[in-house]
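Enquirer: Residue numbers (the numbering used here), protein chains in the order written: chain A, 1 to 220; chain B, 1 to 220.
Watch out, some of these pointers could steer you wrong.
Some chain B residues near chain A, calculated using beta-carbon distances under 10 Å [what the hints assert, rightly or not]: (1) 155; (2) 187; (3) 211; (4) 212.
Calculated directly from the structure, the hints in this document are not laboratory data. Glycine residues also receive a C-beta, built at the ideal position from the N, C-alpha and C atoms.
There are 2 protein chains.
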Amino acid sequence: MRQAFHEQLQDISEHLVGMTAQVADMIHTATDALLSQDIHLADQTVAADAEVDRSQEVVDERIIELVATQAPVAGELREVISALRTTANIERMGDLASHVAKVVRMRYPESAVPDELRTTFAAMGAAAEKMATKAGEVIRSRDLDLVEELQADDDEMDRLHRSMFLVVLDHDWPRPAETAVDLALLGRYYERFADHAVLIARHIHYLVTGETESHAEPQA
Amino acid sequence: MRQAFHEQLQDISEHLVGMTAQVADMIHTATDALLSQDIHLADQTVAADAEVDRSQEVVDERIIELVATQAPVAGELREVISALRTTANIERMGDLASHVAKVVRMRYPESAVPDELRTTFAAMGAAAEKMATKAGEVIRSRDLDLVEELQADDDEMDRLHRSMFLVVLDHDWPRPAETAVDLALLGRYYERFADHAVLIARHIHYLVTGETESHAEPQA
């Protein structure tokens, strides 16, 4: 019985790692679309979001089946609930990558990101992709050093996000309100994407140590 | 056994209704703070968010205890998982109300909302509060008519959100980029708050009918 439980949980865990790879790929593609005004990459990102949604449904069903058939005890239940929270976090990361792609579509053939902020958004995209991949590694390995790394990565994302606002809020910045609005929302999407990666890692941290790590921002 | 399960589930359900009242109150207070530059109301909203977080922890613990002690079967498990998703949605609504309050604090003693958009934000605040309250009624009553109403309320929120952007994106709009950024983010907070109310209702809809209602936007 217990062995069956752990085998099924392992199987679910592998699906979760696969889902983090899906959204890492999505944010990579969305960022490419954003920086090259590539409408096909934008469409590809939006289509990939539907796949992530389906993955969530499949994994959630497996989780329900696991609980229904294996009657987990309290500690095991925490694993199961963490898995449910993880699918929800990853699903949301897919939405946010898709939101980036939709801004690309809305502004096409213009670029939503002005030249002076291309480097910043490239860095935010790279950070977001790395964080999604690392969240997958945390799920697989339960390596708490990686949880720490993700917190540091998130600090870097916040720094990039703030540096973007410094440009937009400069009194001499010559762009229209539309650009400011696009950038504010894009910045928010990347920042939230990163937050969800941190949340996934924190759930694992809690499972391993029993301690909740209380940092101010990420919540879902 | 089954009676104990349903009594405990009923108890959890009442806590969930209480949490929706908490966040309805928060978005009301945050909107008052926003429209009157009232720093005390802003602080009150941020403090209330910590209470919502605690409520979530308490209710989540009860849910885990329920599953651990009552070994629910598949249909019952769906109820339990819906309750978990609901605490997560309400907790996020608290975050978003708190985000509104933090914009008030950041711009104090200036107003983040210019005169020409006060009416729109007052309407968004009223809609958000109503939707949180209605989500609580859906949890209590499982009245599917209210689920439909919430979808309509969300359409109204989207309309308000779009009308706000029409003002900001008008070429003759005379405000600085900072104001555009504040408004884009504030608009997003209200819109997401409303989305989470809809999501709560959709979970109930699914529990009652077994059908997922597929509308484009809200996901969490």
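Enquirer: With reference to the structure, classify each hint as holding or not holding.
Expert: Comparing the hints with the structure gives:
1. 155: For residue 155 (chain B), the interface hint is violated, since the closest Cβ of chain A sits about 19 Å away, which is over 10 Å.
2. 187: Holds, because the Cβ-Cβ distance from residue 187 (chain B) to chain A comes to roughly 9 Å (cut-off 10 Å).
3. 211: 13 Å, violated
4. 212: Result: holds, 9 Å to nearest chain A Cβ.
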